[in-house]
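The chain contents come next:
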Amino acid sequence: MAKLSANKVNLYYGDHHALKDVSLAMDHNTITAFIGPSGCGKSTFLRLFNRMNDLIPHVKIEGEIIVDGEDIYSKQVSVDLLRKNIGMVFQKPNPFPKSIFENVAYGLRVNGISDKNFIIERVETSLKQASLWEEVKDKLKKSAFELSGGQQQRLCIARALAIEPSVVLMDEPTSALDPLATHKIEELVFNLKEDYTIVIVTHNMQQAARVSDKTAFFYLGELIEYDDTNNIFTKPKEITTQNYITGRFG
Amino acid sequence: MTTDKAHKILKRKKLSQSIAFSIFALITAVVVLILLGILYFIFVRGFPALSWKFLTTMPTDGMTDGGIYPAIIGTFCLIGGSMLFAFPIGVLSGIYLNEYLLDGKLKNFINMMTNNLAGVPSIVFGLFGMALFVNKLKFGDSILAGSLTLGLLALPVIIRTTEEALKSVDDAFRIASYALGASKLQTIRKVVLPIAFPNILTGLILSIGRVSGETAPILFTVAAYFLPKLPHSIYDQVMALPYHLYVICTSGTNIEASRKMAYGTALVLILIVLISNILAGIIRNYYHKKNKI
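As they're listed, the protein sequences go chains A and B.
Residue 112 in my numbering is what sits at position 112 of the first sequence, and the numbering runs on without skipping anything.
Residue 263 in my numbering is what sits at position 13 of the second sequence, and the numbering runs on without skipping anything.
Everything labelled a hint here was simulated from the structure, so no lab data went into it.
Given the structure is predicted, the values throughout are model-derived calculations rather than measurements.
Just to be clear, a hint being listed does not mean it is correct.
To be verified - SDA-like mimics (lysine to any residue), calculated; alpha carbons at most 20 Å apart, straight line:
(1) 98/A with 423/B
(2) 92/A with 422/B
(3) 434/B with 102/A
(4) 440/B with 18/A
(5) 434/B with 73/A
(6) 434/B with 112/A
(7) 20/A with 56/A
(8) 540/B with 99/A
(9) 440/B with 423/B
(10) 539/B with 56/A
(11) 434/B with 149/A
(12) 98/A with 443/B
(13) 417/B with 97/A
(14) 440/B with 109/A
(15) 440/B with 79/A
(16) 540/B with 149/A
(17) 417/B with 57/A
(18) 540/B with 56/A
(19) 434/B with 55/A
(20) 98/A with 440/B
Produce the entire structure from the sequences given, and follow the hints as far as they go.
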């Protein structure tokens, strides 16, 4: 069974038809990349899986989004629990103005965990998973804003991992970072595949080619092509895909 | 375009630029000078009256001698009382307006009302306070009635500054919190409020400055003409600095002889406002540095 899937999803921002009849399924322990030009709907589509679009007024959603066999837009689903299970990392690193420790512990605390030792342990594990531990272990009480942009983004990844989600959604996680920091994040993402389902939206086609197993190409709100990353980049079936990956538009 | 012409245009631009800036600078200087003038005027006349005795003793000799101790205490009681009332209500309303209420007619209506409330002359608050708190609710002329009246006056300012403070919190923090499974209330309590707090506090301190100087709202609700003793409960009347100043300037027993006292009182009042404003600045800077936002 697919971990995440979408069935004939349409999404409207007011009158704007932003996603058109999108269907796709993603398996556990894979990295899927969403690529496509700005405004193609890839980020909007990503945000359907943790219901972040709910925060935007005048959004209308049709179709089904299924996580672990359950329609997450049905009335019985608790949005808070859904978001605990499906973590997210954003385009711009957005740590809270709190200490490094408290940033990672935050998700645990709001989910009702107060066992001090457990929190300390989870914070350490998550920071290690995000390969940030060595750099921050002596300054956990320092403000997260003292970290560099790349470190902040890894902190945000640790923060997302702390509450043990099974899926991590990444919305252009490296677009605000320099090449070196980008490389670190990519390495990290690749290693996370073992335990998580990862979906990554990216503008950077090399990035999609480097890290992902599968790639979905979006254009003007439609899913044009979805296939193994290798196939998409070497023998795309659609002419639009080919034009995009060869840089003829974008 | 010839270089000559281009040169001319450049010259003209420079000239109009420097004229404009001179005018701006001049006007700013006038404003600052007026302000410094007032401060200097009060300071020079009030400073000789200032002494430990002036601050800590009762007025004597028909308010021409002694100190202003009861008026200082009275003013502090009123500041404390009004803030105790207005701060929680103002902050909670601000939170509701900014975080919960969606944009729409109701929000516009409430915003319009708070703006209008902020513009209502303070004497009208005084009259309202007298009608409601003193007479209808039978609190009498008391700290309670005066504090509530002053609190009403400060309420729109506190609501507004709370709203602005919350509005300036970057949505990225809210979104990050929701994405971790936090509820709206948790997000507000643990993320949004701590970030907005210094600015909310600034609003509080600025309204303290405003409240401490208001005369009209306390005129019919609490202020005593002459009461050389300290209050025992919230149902007692008190003297207050602004009203005391008014009294010794207009209807004291010997206005000429109280002149020195009047300037001393004015100086103390200005100092309270000045200190609370400086305090607001310090607190804001401290938290901004701490949060590094």
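Quiz item: Are there hints from earlier that the structure breaks, and if so, what are their numbers?
Solution: When the structure is compared with the hints, numbers 4, 10, 11 and 18 turn out to be violated.
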